[in-house]
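Same order as they appear, the protein sequences are chains A and B. Heads up: the first sequence at position 65 corresponds to 65 in UniProt numbering, and the numbers run straight through without jumps. Heads up: the second sequence at position 32 corresponds to 32 in UniProt numbering, and the numbers run straight through without jumps.
No wet-lab data here; the hints were simulated from the structure. Note that the structure is predicted; figures quoted are calculated from it, not measured. In this text, a Cβ means the ideal position worked out from N, Cα and C, and glycines have one as well. Treat the hints with caution; some may be incorrect.
[As the list claims (entries may be wrong)] Chain A stretches covered by chain B per the calculated footprint, using a threshold of three residues with CB under 8 angstroms from any CB of chain B: (1) 60–70; (2) 108–114; (3) 269–279.
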Amino acid sequence: MGPIELLHMSVFSQSFSPCGRFLAAGNNYGEIAVFSLSAALSPDATDASQKPVLTFSAHEGPVFSLLSTDMHLLSAGNGEISAWSWAELGKKNPKAVWTKRPEYKSSLEIPEINHMIINSRDNSLVVGGGDNNIHIMDMETGTFKSVLQGHTDYIHCLSLREREGEILSGAEDGAVRMWDWRMGRSVHCVEIYKYKECARPQYGKWISCLATDSDWMLCGGGPALSLWHLRSMSPTSIFSLSGSQREAVFHQDLIYAVGEGPHVSHCLLGGSVKAQIPCTPSSLNTLALNLGTTEHRVMTVAGSSNQIDVFTNFSYRAFSLSF
Amino acid sequence: MPLSHSAATPPSLKLDTETHKFDQKKLIKDMSSDPLKKRKTKVIRNDGGTPETKRLRGDGDQDVRTYNEEVELESRDPEQDYTLYKNTCEALATLMGEIQELKASGAKEGSVEVETKRRQGCSHFITLKKLNRLSHMRLKKARDQTHEAKQKVDVLHLQLQNLLYEVMHLQKEIGKCLEFKSQHEEIELVSVDEFFKDAPAEISRPHLTKDDPHQLTLARLDWELEQRKRLAEQYKSSLCTKEKILKGIELKKEYLSSLQPGLQAIMQASLPVQEYLSMPFERVQKQAEVARHLPPPLYVLLVQASAYGQACDKNLSVSINGDVDEAKALSRPPEDSQDDESDSDAEEEQQNTKRRRGTVGVQLDDKRKEMLKRHPLSLCIDLKCKDGSVLHLFFYYLMNLNILTVKAKVSASADLSGAISAGELLNPESLLNCLYASDDGQETPNPTNRYQFDKVGITTFADYVSELGHAYIWVQKLGGLQFSSDTPQVEGVHSSLSASHMESTIKLLRGRLLARLALHKQFSSLEHNIVPVSTECQHLFPAKVVSRLARWTMMSYEDFLELGFVQHVVNAGLVRETDLFFMATVERGTARLQAAVVLNPRYPEITPLFSLSLLWKGERSGRTDDNLRALESEVNVFRSELQGPRPGLQLLTNQIQRLCVCLDVYLETESQVCDGSEGPIEFPREKMCLRSVRGPNRLKPFKYNHPQGFFSHR
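The task is simple: from the sequences and hints, build the whole structure.
See the structure below:
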């Protein structure tokens, strides 16, 4: 990897290992790097410990989504999903355990996969991407058992309401759809850009981030980031953040959001922006919280740079991991 | 002893007293006979006179009746006197005891018995007095005798000292004599055996010398003298012969030099023939003649370059320039011309002569000049290219710094005056920069030079580069000079080092020239806002490209650093001062794309780096717009697609062309994404795209697929 490639690198996805000691990150060249958080966070950390312990080429296209299960790291490339054993990665042995492709109809271009989530209720993998459809794969058998159709443009993001058994999806067409995965059909469709409070026509109508917490939903993109009450299906707070947001999460009465602009926004549920913490990349694609362990509780953000910023205290950047 | 004797013999006391009595009587008689005399002698003695004077005086005063106590003293035995003394004491004690008894028994004062006893006591006292005097005289006498004897001993001791000193002196003299060195000892004489064998009998005189080493040495010295005389004569005669031979040589030389003009005329006449037959014997010969005076690094370079030229590259030619006579003068004595020491000696000598005149400032200036002095001879290597342009490389050797420098010049086949922005391309100052990575020739590669510079107050070699030429590391290697950073001393000149670098360096030089010439040509059309795309690269771009190059200008390093949208490149350390900087402006309609280009001197090996800033509905750059960033990477990263036929001389123009194409895509898809409700769409969609946006950061399709002619995502 030359200096020019590094200069033009973007990091799209991150995932912590189930043990919480490793961080996997995927970039636009189809590479996945595994960083050792325990080494980087140890008191005697050096520059070398901020470099990946393992970098391997996983896919041909960019790695837009990474996901960890108890055993495996799932990575999504151009139209394919690969599973890598965390145990093997720990031994620096990158070999795909399996690779699966959803059945796509179009042949001219292989659709990308933008987001994956695990539905632990029936142990299935929910995949959304470039073909406008949601594919559900049974993790036990490895077969794609159903397809949810309805969006008119590609799907950016997915979210799961476990208690209600609902899957939420946000797409380029500007709609957030709620699906009943047992019946395999859309139960609700909210077109956010049609709400005057949220709409930002100068940007567009796409929905690029989505998060849920019981009855609450957070979504944003072209329209402004907004907090919705799902039972009443109405926006309760609008966050006045410039640029489109690409990832937002709930965490302890706060909302963390990243997107265009070199900062992490801390928002209060009431609608005000509490703080914007500067970081290295000029725009951010992904934010991840390592909450599985108490030992390495960090927030990592990455975007249009080869550097991944690590926040040990969420209110300032501690250091950067780099490809 | 006498005391114990007296104590031990009480029975004999009576007899002793008897003799005593006799003695006493005699003594008393002596004393009473002449009490006056005795007193008189006493007076005389008190006057300090010696016994002799007293005697003399006595002789004069009284003729016969002399009494000499000293004479009496000699006749008396001290042992007897002692006994007498003891007896007298005892007798006195007895007398005293008897008087005591008498007095105790009631005898009257002045009774006969007591008077008798007192008289007896008085005589005893007189005896004691006499004895006392005698003992005093004896003591005096003994003292005098001791003194006399002591004086005698002193005299003898002095004599002994004198004698010892004499002995020592004589010994010293003997030592001196023994240590005496004769001059003849330094003369190397023939050995004794040889002497007896060679020398005639009248000199060797065996009958004398056989047993007497002194005579032998004298004889040998005689023989030595004889021989030396003979040799001196021989030397004189040899000198004469030499003189004669020299004269003969002179004569012959004259004859030979008279032949020279004739020969030269013949050579001159043969030149056209040589040329006609293309056999440059003479030129080669001349070069070899001159080459003898080259300094070692240039000589190595000459040999290796001409060898390489003959073996692999017919378009490479080497020639020697400069003043041969000066070089000859420099390398005198001619046999030592290959030696570095002679150089430094010459340097010192010249410095010495300079030191004598001028002030300190002039002196330092002179020293500096001296330090940076070039060897009078230089090498010129000409590299011809297929199109007829020539790269002239002039190699100089800085004698006192022991480094090689190079100056370059290009003589192009075609007229190259057209392009303004291309001025820097063939600038001899920067033409050869970074032939190998980060070798800019601004610093001297010889670590010892730093200390030399400190001495004469030169801060950096870069100040003299324009005058002296660049000291690239590859130049040193071609000259066989190796400077390793950890060992400062120069390890001599290695031809193998030169040989190992020759081929790759010549190839790089040729590549550099070709690249620069190609760029030069491309620049002149870029300045006319035409992006030249060769037929081999047509397939990389769609037929219709609407965006146009509007401007192509050169930029300085400082101007480049001031641009806002290149800071990420600067911070990543991808910009060096040796790079060339350009600004390309691509326009379509109201949109204006500025591209700052960093052109590494090693182009096309290193891809030119574009940084973008788009002026359209506000300003955007690669930092604020992910799509512009993707566009930058489309241009910068995918070099293998864009470089065209090897060695990739069309890389830059293809990059610019791709920039135009991608700007089309950017603008067309952008207007479609934004709601075009306000008035007519400025950029109607003409490019065929499968999808206008893709992925989480909604990138546009910048990749062109050739035969189908549509755009897709990476």
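Verification of the supplied hints:
1. 60–70: holds (count 3)
2. 108–114: holds (count 4)
3. 269–279: Not satisfied, violated; 0 residues make the cut.
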